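With the hints as constraints, model all of the structure from the sequences given.
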Amino acid sequence: MNRKYLGYLFEIAWILPSVAVPIAFLVAIVITAFAVGIAVPGNVGRVDPKALNTTPPFDKPGLRELAPGRYEAVVTAQLFNFTPGELEIPAGSKVTFIVTSRDVIHGYKIENTPVNMMVIPGQISRMTTTFDTPGEYYVYCHEYCGGGHHLMVGKVIVTPAKTASANR
Amino acid sequence: MATARVSGVSIAAERAEVGVFATEYRLTGLNLLVAFIALAIGGLFGVLQALQYNGIDLYKPIAPVLRGGYYQGLALHGVLNVLVFTTFFIIGWLTFVTSRSLGIPLASRALGWTTFGVMTAGLLIAALPLLLNNATVLFTFYPPLKADPLFYIGLTLVVVGTWLLLINQVMMLRQWRAANPAARIPLPAFMAIVTMTMWVICTFGVAAEMLFLLIPWSLGLVPGTDPVLARTLFWFTGHPIVYFWLLPVYISWYNFVPQQAGGRLFSDPMARVSFILFLILSTPIGMHHQYTDPGISEIWKLVHAIFTFGVFFPSLLTFFNVVASLENGGRARGGKGWLVWVFSLPWREPSFTAQVLAMILFAFGGAGGLINASYNINLVVHNTSWVAGHFHLTVGTAVTLSFMGITYWLVPHLTGRRLWSPMMALVQAWTWFVGMGIFSHWMHMLGLLSMPRRTAIGAMREIQPEWEALLPMVAVGAIIMFVSAILYYLNMVLTITAGKRDAVPMVPFARAVSGPEDSPRVLDNFKPWLVIAFTLIVINYAPTLIRLVSEMQFIPGIRSW
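Just so you know, the sequences run in chain order E and S. Here the first sequence stands for residues 1 to 168, numbered as in my numbering. Here the second sequence stands for residues 1 to 561, numbered as in my numbering.
What the hints contain is simulated information worked out from the structure, not anything from laboratory work. Note that the structure is a prediction, hence the values are computed from the model and not measured. Glycine is no exception: its CB is placed at the ideal position from the N, C-alpha and C atoms. Do not take every clue at face value.
What the simulated footprint calls covered on chain E by chain S, stretch by stretch (three residues with Cβ under 8 angstroms from a Cβ of chain S suffice, anywhere in the stretch; the number is not a length) [to be verified]:
1. 9-17
2. 22-28
3. 42-48
4. 117-127
5. 132-144
The following residues of chain S were derived to be distant from chain E, with all beta-carbon distances above 12 angstroms [said to hold, decoys possible]:
6. Ala40
7. Tyr71
8. Ala127
9. Val137
10. Thr415
A short list of chain S residues far from chain E (calculated; beta carbon distances all over 12 angstroms) [what the hints assert, rightly or not]:
11. Glu17
12. Ala75
13. Ala208
14. Leu221
15. Gly295
16. Val340
17. Ile360
18. Val387
19. Met424
20. Val476
21. Pro505
22. Glu551
In structure tokens, the structure reads:
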């Protein structure tokens, strides 16, 4: 066979999987994002960072039970801590985190969960996850926010499910 | 063996050519000098960071000079390495490539000097607040962290300076086309012009951020700025900037490494197609850096994810084409078998070896990049040390080690002095490869354990024991790279000052197995591709940008360091 056509054959043998493999990956991503529900944060809305003390829900940061096993955690981020710094959540509960910043850009990443958000002044960040395993989960500010950035660590304490049912 | 040697070849014509390009060579040399001075200072802070992670704080002894400690060092590390080093090297390199490939000098040498002058002035203006701890906002300078206005003005001047090279290139292309109406644009010049065109288009984002948001705000002309709008404009430029770093490396991998390997480029048409795809697809994908941002809809994030997977395609074309060219070289040198030809490659040639080692780590960097681009999978790694591990494989190795490799033939070519020690250069390439491999592997691992990036880990109250077990390897990698850097700089200084005055080595331009005669002519006509590029940018960015501008908030600036 002509060497040039052999070259084209190799090129096609490479190009076809180069198209097929990324498409397969994309299909898997779309399924997990929209059918399994591992979603990224979206456009929730704006808030005035100077008026957080009078703007619900940020006027009362903390954990609220919406229904049995269903919670909402309202958190504000500021130099160099989170309010509240610790959240206690019964195992098995589904929690929606609603977070905003009072000053500069912060991060909100709860270890060993998909919760990973940028926290931007003027914007509301929202993500939902379920905590199945009891234990302590550190929450890291993972965007440089100033001289004390490395001190900005919060905690989510997931208590055994027994306590949760007792609460109900 | 002789075919692959880049040094020691001398012909009278080559010497005469060098005389014609004296100004271009001076400009290239000056740009490289600024670039590598920046890398030396920036790189040093990288070592301090890795030691700080392990509780060795070397910021206290230097506090009388730099008050800002870890974060000021981090700002210098980022700005000097990924903004200054890359940009100056690329402008110098592309000046060289364009003029030598077209065979004509810069269309306007005055404009060439202005390019260098504006960039250098910008660098000095930005350096002042950086060194005085008045711009400890890192290389992303996300507002409302508020730096001294000189920082923003200086960086803007550096970017504006780079635009002038494209003007020169377009004028040169016109001259060249008038003289060669039927010929195809030589591949290296074609790629250099595509790179600069892509760069100028994508820098509209950061230029708008600087001119309309950050500069007026830092000067106190407006009461605040909108952080999400600023981030979106930043990443409009911030992703394509990685192609601005990579494409000049690809220029070397496509046009010079095959010759150094003793073979030919496998396919000119495939190379041209991949660069046109980079021109079209590099910019409308920037929101994949904002998957975790509020204020941007999931749908646009997903669209950008899909296009990001699209730009993976020309990267895969490049992978195939470059490896096929290496195989062509290996076989031309007598290599046999499916893979054994690898051992026939010129591994004693430091320029070649550095760039092939860079390619190997880049394969891992590319795979990691695909993970980062994967929409919700990104939630596992976003802003952890995984990301820092990732881009030390890409910009820190694929780009930096390749640039070092290029200088192993380019500096002797520019100065007419023989490389002082090829053996030292070989050891340098291998130590960078090993050091970065170690550093990056453990940074990735730590990221999977949720260790945040851009954080003074050594000063944290909550260091996890799992991290402490892995952190020493980060320092080991950094120290090996430090040794590598010393070998590099020693070799370069000795080459320039004490290198044997030698015959000027030839520029190792490669020929192609399947040459430009097999490339469709439409690839050399930029207009249709520019129309497609602009259309995609408008589709992918206009709805979000228009909404963000209409909702704009004025958030006051803060100096929190």
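Checked hints:
1. With a cut-off of 8 angstroms between beta carbons, the segment 9-17 of chain E has 4 residues touching chain S; three or more are needed, and the interface restraint holds.
2. Coverage of a stretch by a chain is defined here by at least three residues with a beta carbon nearer than 8 angstroms to that chain's beta carbons; for the segment 22-28 of chain E and chain S the count is 4, and the condition holds.
3. Against chain S, the segment 42-48 of chain E contributes 5 residues with a C-beta closer than 8 angstroms to a partner C-beta. That satisfies the three-residue criterion, and the hint holds.
4. Beta-carbon proximity to chain S at under 8 angstroms applies to 10 residues in the segment 117-127 of chain E; the threshold of 3 is reached and the given coverage holds.
5. By the rule of at least three residues with a Cβ nearer than 8 angstroms to a Cβ of chain S, the coverage given for the segment 132-144 of chain E holds, with 6 such residues.
6. The claim that Ala40(S) is not at the interface with chain E holds, since no C-beta of that chain comes within 12 angstroms of its own (minimum 24 angstroms).
7. Not every CB of chain E lies more than 12 angstroms from the CB of Tyr71(S), the least distance being 6 angstroms, so the non-interface label is violated.
8. The beta carbon of Ala127(S) is kept farther than 12 angstroms from every beta carbon of chain E, the shortest such distance being approximately 20 angstroms.
9. The beta carbon of Val137(S) is not kept farther than 12 angstroms from every beta carbon of chain E, the shortest such distance being approximately 8 angstroms.
10. With a minimum CB-CB distance of about 39 angstroms to chain E, Thr415(S) clears the 12 angstroms threshold, and the non-interface call stands.
11. With 12 angstroms as the threshold on Cβ separation, the claim that Glu17(S) sits away from chain E holds: the shortest Cβ distance comes to roughly 32 angstroms.
12. Not every beta carbon of chain E lies more than 12 angstroms from that of Ala75(S), the smallest distance being close to 9 angstroms; the non-interface claim is violated.
13. Distance check on Ala208(S): its Cβ is at least 19 angstroms (rounded) from any Cβ of chain E, clearing the 12 angstroms threshold; non-interface status holds.
14. Taking the minimum C-beta to C-beta distance to chain E, about 20 angstroms, the non-interface status of Leu221(S) holds against the 12 angstroms cut.
15. The beta carbon of Gly295(S) is not kept farther than 12 angstroms from every beta carbon of chain E, the shortest such distance being approximately 4 angstroms.
16. No beta-carbon of chain E is positioned within 12 angstroms of the beta-carbon of Val340(S); the least distance is around 19 angstroms.
17. For Ile360(S), the non-interface assignment is confirmed: its Cβ lies about 18 angstroms from the closest Cβ of chain E, beyond the 12 angstroms cut-off.
18. Taking the minimum C-beta to C-beta distance to chain E, about 10 angstroms, the non-interface status of Val387(S) is violated against the 12 angstroms cut.
19. The beta carbon of Met424(S) is kept farther than 12 angstroms from every beta carbon of chain E, the shortest such distance being approximately 37 angstroms.
20. With 12 angstroms as the threshold on Cβ separation, the claim that Val476(S) sits away from chain E holds: the shortest Cβ distance comes to roughly 22 angstroms.
21. With 12 angstroms as the threshold on Cβ separation, the claim that Pro505(S) sits away from chain E holds: the shortest Cβ distance comes to roughly 31 angstroms.
22. In this structure Glu551(S) is not separated from chain E by more than 12 angstroms, as the shortest Cβ-Cβ distance comes to only about 6 angstroms.
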